[in-house]
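Each residue of the sequence shown is one higher than the one before, counting from 3 in our numbering.
If you're looking for bench data, these hints aren't it; they were derived computationally from the structure. Don't take each hint at face value.
Pair by pair, the computed Cβ-Cβ distance ranges are [to be verified]:
#1 D259 x D72: 47 to 55 Å
#2 K279 x D439: 47 to 55 Å
#3 T459 x S163: 48 to 56 Å
#4 N54 x R309: 40 to 48 Å
#5 D337 x H189: 42 to 50 Å
The beta-carbon is built from N, C-alpha and C at its ideal position, and this holds for glycine as well.
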Amino acid sequence: MKANIFYFFTIFFCTSIDAQTIEVNLDLNNEFQEIEGFGASDAWRAQFVGKNWPDAKKEKIAELLFSIEDDRQGNPKGIGLSIWRFYISAGTSEQGQKSGIKNEWRRGESFIDKNGNYDWSKQEGQQWFLQKAKEHGVEKFLAFSIAAPVFWADNNKGWNSRTDGNLNLKAEFYDDYADFMIEFLDHFRGEGISFDYLSPINEPQWDWEKATQEGTPATNDNISELVELLDSKISKKDLKTEIVIPEAADLRYLYSDFNRPKRGNQIQDFFGSKKNKKTYVGNLKNIQPTVSGHSYFTTWPVDSLIRIRRDLNQSLKKNNLGYWQSEFCILEKNDDIGGGGKRDLGMGTALYVARVIHADLTLANAKSWQWWTALTIADFKDGLIYLDTGNPEDMYNRKSLKYDGEFHDSKLLWALGNFSRFIKPGMQRISADLNLDLPLNEQYEDIMVSAYKDSITNELVIVAINYSENPKTLKVDNREITFGKVYETSTHKNLALKEIKGRFIEILPRSIITITGTIKNQ
Numbered sequence: 003m004k005a006n007i008f009y010f011f012t013i014f015f016c017t018s019i020d021a022q023t024i025e026v027n028l029d030l031n032n033e034f035q036e037i038e039g040f041g042a043s044d045a046w047r048a049q050f051v052g053k054n055w056p057d058a059k060k061e062k063i064a065e066l067l068f069s070i071e072d073d074r075q076g077n078p079k080g081i082g083l084s085i086w087r088f089y090i091s092a093g094t095s096e097q098g099q100k101s102g103i104k105n106e107w108r109r110g111e112s113f114i115d116k117n118g119n120y121d122w123s124k125q126e127g128q129q130w131f132l133q134k135a136k137e138h139g140v141e142k143f144l145a146f147s148i149a150a151p152v153f154w155a156d157n158n159k160g161w162n163s164r165t166d167g168n169l170n171l172k173a174e175f176y177d178d179y180a181d182f183m184i185e186f187l188d189h190f191r192g193e194g195i196s197f198d199y200l201s202p203i204n205e206p207q208w209d210w211e212k213a214t215q216e217g218t219p220a221t222n223d224n225i226s227e228l229v230e231l232l233d234s235k236i237s238k239k240d241l242k243t244e245i246v247i248p249e250a251a252d253l254r255y256l257y258s259d260f261n262r263p264k265r266g267n268q269i270q271d272f273f274g275s276k277k278n279k280k281t282y283v284g285n286l287k288n289i290q291p292t293v294s295g296h297s298y299f300t301t302w303p304v305d306s307l308i309r310i311r312r313d314l315n316q317s318l319k320k321n322n323l324g325y326w327q328s329e330f331c332i333l334e335k336n337d338d339i340g341g342g343g344k345r346d347l348g349m350g351t352a353l354y355v356a357r358v359i360h361a362d363l364t365l366a367n368a369k370s371w372q373w374w375t376a377l378t379i380a381d382f383k384d385g386l387i388y389l390d391t392g393n394p395e396d397m398y399n400r401k402s403l404k405y406d407g408e409f410h411d412s413k414l415l416w417a418l419g420n421f422s423r424f425i426k427p428g429m430q431r432i433s434a435d436l437n438l439d440l441p442l443n444e445q446y447e448d449i450m451v452s453a454y455k456d457s458i459t460n461e462l463v464i465v466a467i468n469y470s471e472n473p474k475t476l477k478v479d480n481r482e483i484t485f486g487k488v489y490e491t492s493t494h495k496n497l498a499l500k501e502i503k504g505r506f507i508e509i510l511p512r513s514i515i516t517i518t519g520t521i522k523n524q
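Sequences are here, hints too, so could you generate the full structure?
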């Protein structure tokens, strides 16, 4: 029998009145989800940067995303993503203007043509980043498709023109579409990159009727039909890839109809009951018993952030399922940072997203947390690394940015790194309870703490987010933990190594720290 082990921390709030002492109780035996990784996607922007940009610049961008090395001062060179999402495009680039998508940065090439011929030199820029991810030691790879190749689509487009919610794919080409994805997986296995996961559907609740990017809706019936084909073909090819579904556009579609009866209630339809034979896929060999969803439009106000994740967690527990937060950027209007419009390289967006990550990990028990697109050329809060021309009068010239430009890291990049650089696949979240005399919604405006352990190496990682305007000091009283290093992301620091003075650790206002250590006598 394991002994119950509790760890206590003390946080002193430096105010003009009395310092408030708060204990954090870490219980190593109170275990939650096992972490599968933190990731981002190569969608759209990597195609031109990886293919055309100067080597020195794109090498540095890859380092920022993937590196697990430190510089001479001990500061991380990058955020060490452990999952890289590769976008399998639908062929709108080959269509050019006829695709209907005016912005060529939102089109994508196809590895297959209408005659069934493959050209593996396509998506060259994305393949460059894929190889760099492997070289830097990224542990897991995910391939995702958001639309079928255009020549198999009902309207011969990468976007949808139907209004019935069905997959934009002619019925006779379901098998071909599945074969295409399997050939993709098999080809890259031969190239030395095995994709751990395949996500064949993305945000099926949206109709994708606007010609602004590739995308297709899909009913739950459509999804289960496609997944059954993929499952069979994965087994025949002896691939080790797991299918992950359904990349819900809003977390509420996972556990309720939420105004899309044929495209909602996806936990129940796919995994809830074998009696529903038409959509049940929980018995398939190659599907992961996990649902993936996107945190868009569920993060504000804070009461909704909390309530929706608690509701989701109840449904997950009932059906014994894991959960991935598999795509997020800022879309929702809110009082803290305004909304998605206008890029923000500073701490405002970084802290807002860190709170979402914390909520997804601790309330919904997310096993993985993945950002939308790693790179962006938009004046929008949708990237980790921001690209522009460097010319204030013409910052986002799409034509010139295809070949060169300036790139900027963001506090958001490093805030994600407070999690991704240190919480590695296989680590397990443990309870980190605060005795704050505050309701959770107020705590989310103040201080948030989560903790993770590695039962094999005895490593311990604690992430603390100070959302408030007040400095705090974290005092570690328990002598069973040896703390090694602290890394800070703040207005003036980018995941910077910070000195530990005794057993007191300072948390600056509006900052995030990661504490690493070792658990003794395990």
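Status of each hint after checking the structure:
| no. | hint | in the structure |
| --- | --- | --- |
| 1 | D259 x D72: 47 to 55 Å | holds (49 Å) |
| 2 | K279 x D439: 47 to 55 Å | holds (51 Å) |
| 3 | T459 x S163: 48 to 56 Å | holds (53 Å) |
| 4 | N54 x R309: 40 to 48 Å | holds (46 Å) |
| 5 | D337 x H189: 42 to 50 Å | holds (48 Å) |
Checked against the numbered hints above, the structure violates none of them.
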